[in-house]
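Quick note on my numbering: the sequence shown kicks off at 37 and runs consecutively.
Please note: incorrect hints may appear among the correct ones.
[To be verified] So the derived label-pair ranges between C-beta atoms look like this:
1) Arg264 to Asp320: 43 to 53 Å
2) Ala350 to Arg163: 13 to 23 Å
3) Ala97 to Gly263: 17 to 27 Å
4) Pro250 to Glu218: 27 to 37 Å
5) Glu62 to Trp193: 34 to 44 Å
6) Glu356 to Pro215: 28 to 38 Å
7) Glu169 to Glu218: 17 to 27 Å
8) Glu322 to Glu218: 39 to 49 Å
These are computed hints drawn from the structure, not numbers from a lab.
Glycine is no exception: its CB is placed at the ideal position from the N, C-alpha and C atoms.
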Amino acid sequence: MASPVERPGAPSGSVMARLARPRTDERTRVAVIADPHLSTEERGTSKLFDRTEAHVANAVADIAERDVDATLCVGDITKDGEPWNFDRFDELIADLEAPFYSIPGNHDVPKEGYDHENLPVSAFADRYAPAGEGFPFHVAIGGLDVIGLNTAGTAEWLYDSHAGRVTDDQLAWLDETLPETETPLVLAHHNLPAMSEQVHEHRDLAEPDMFVPPEMEDPEPFAETLGRHDVPLLLTGHLHMPSAARQGSLRELMMPTTCSFPQGYCLLDVGPEGTEVRFVPVADFEGTVVGHRERSSDSVTARGLTAMAAARLAQFPLVEE
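Based on the provided sequences and hints, a complete structural model is requested.
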């Protein structure tokens with residue numbers, strides 16, 4: 037399938053949000069990918085495994101024409117942490133000239149019950165964290181201070197769960213690091229309660245049999261830490277849809293997935309006026325229709341999340357500050 041790019045630098049896609057913050061004197065553009073779930077061997081399911089390579093390739097082709105300062109990923113690069121899927125992902129992103137950084141998602145780290153050997157989290161960090169940093173990390177990108185956390189776990193913690201957690205050592209690191217930043221942009225795979233509550237509300241309103249995906253454990257200290265340091269924006273993934281929420285003074289934007297409906301990534305343009313977030317599709321019209329059909333018919337939960345995603349697309353921009 038051809039890339040949806042119309043011409044180099046074309047402002048394709050739709051405005052998802054306009055935010056008063058973060059603001060930077062130096063104009064900075066980053067691309068953000070969420071939940072590619074790349075699979076080279078599996079087919080089917082609402083994640084459209086047989087199309088994940090094409091979706092990532094389309095995103096890379098588009099991003100390569102956007103003059104970005106970096107590409108970020110908020111996790112779930114692979115189906116289930118398979119080394120061969122990471123290898124294929126690395127081949128697909130090789131054409132990106134700007135730096136690429138990623139945090140792990142719950143499907144990237146070792147989990148109980150997998151019948152394959154996972155890529156260790158240390159190896160994930162070697163590939164996708166800034167050189168020598170591991171997790172958590174802090175890297176300057178243009179006028180932004182990008183902070184990357186591991187909420188997904190390792191072979192030692194959260195091994196038996198797909199829930200999320202910000203560990204005490206990461207909270208302590210945030211307390212030490214955030215005062216040294218001017219314009220922090222925080223990346224976490226899992227969502228804060230205000231975002232997760234949207235799923236509970238949809239279940240109560242429309243899908244009483246809907247399963248609520250694994251949430252972040254003990255999120256209050258994390259939210260309090262970000263609020264205490266006046267962090268303007270948290271980017272998350274996990275639920276496969278574009279959405280916005282506010283947890284106290286903190287704005288959270290959930291990035292849409294590239295793998296399943298609505299199949300896209302986001303461009304963040306940050307400057308003196310604030311931040312514009314634009315949703316860019318990675319599938320054509322036919323592919324988007326297929327994505328909607330497959331996801332909405334997969335399960336009650338997938339149907340509910342698809343309805344939520346479609347409603348939010350219809351409401352763009354979700355934030356206008």
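For each hint, the structure was consulted:
Taking 43 to 53 Å as the suggested C-beta distance range, the pair Arg264 and Asp320 conforms, at roughly 45 Å. As the Cβ distance of Ala350 to Arg163 is approximately 37 Å, the hint placing it in 13 to 23 Å is violated. Between Ala97 and Gly263 the CB atoms are about 38 Å apart, so this pair departs from the stated range of 17 to 27 Å. For the pair Pro250 and Glu218, the beta carbons lie near 34 Å from each other, so the given range of 27 to 37 Å is met.
A hinted range of 34 to 44 Å holds for the C-beta pair Glu62 and Trp193, which are about 37 Å apart. Judged by the Cβ atoms, the range 28 to 38 Å given for Glu356 and Pro215 holds: they are separated by roughly 31 Å. For the pair Glu169 and Glu218, the supplied restraint of 17 to 27 Å holds, since their beta-carbon distance comes to about 19 Å. For the pair Glu322 and Glu218, the supplied restraint of 39 to 49 Å holds, since their beta-carbon distance comes to about 45 Å.
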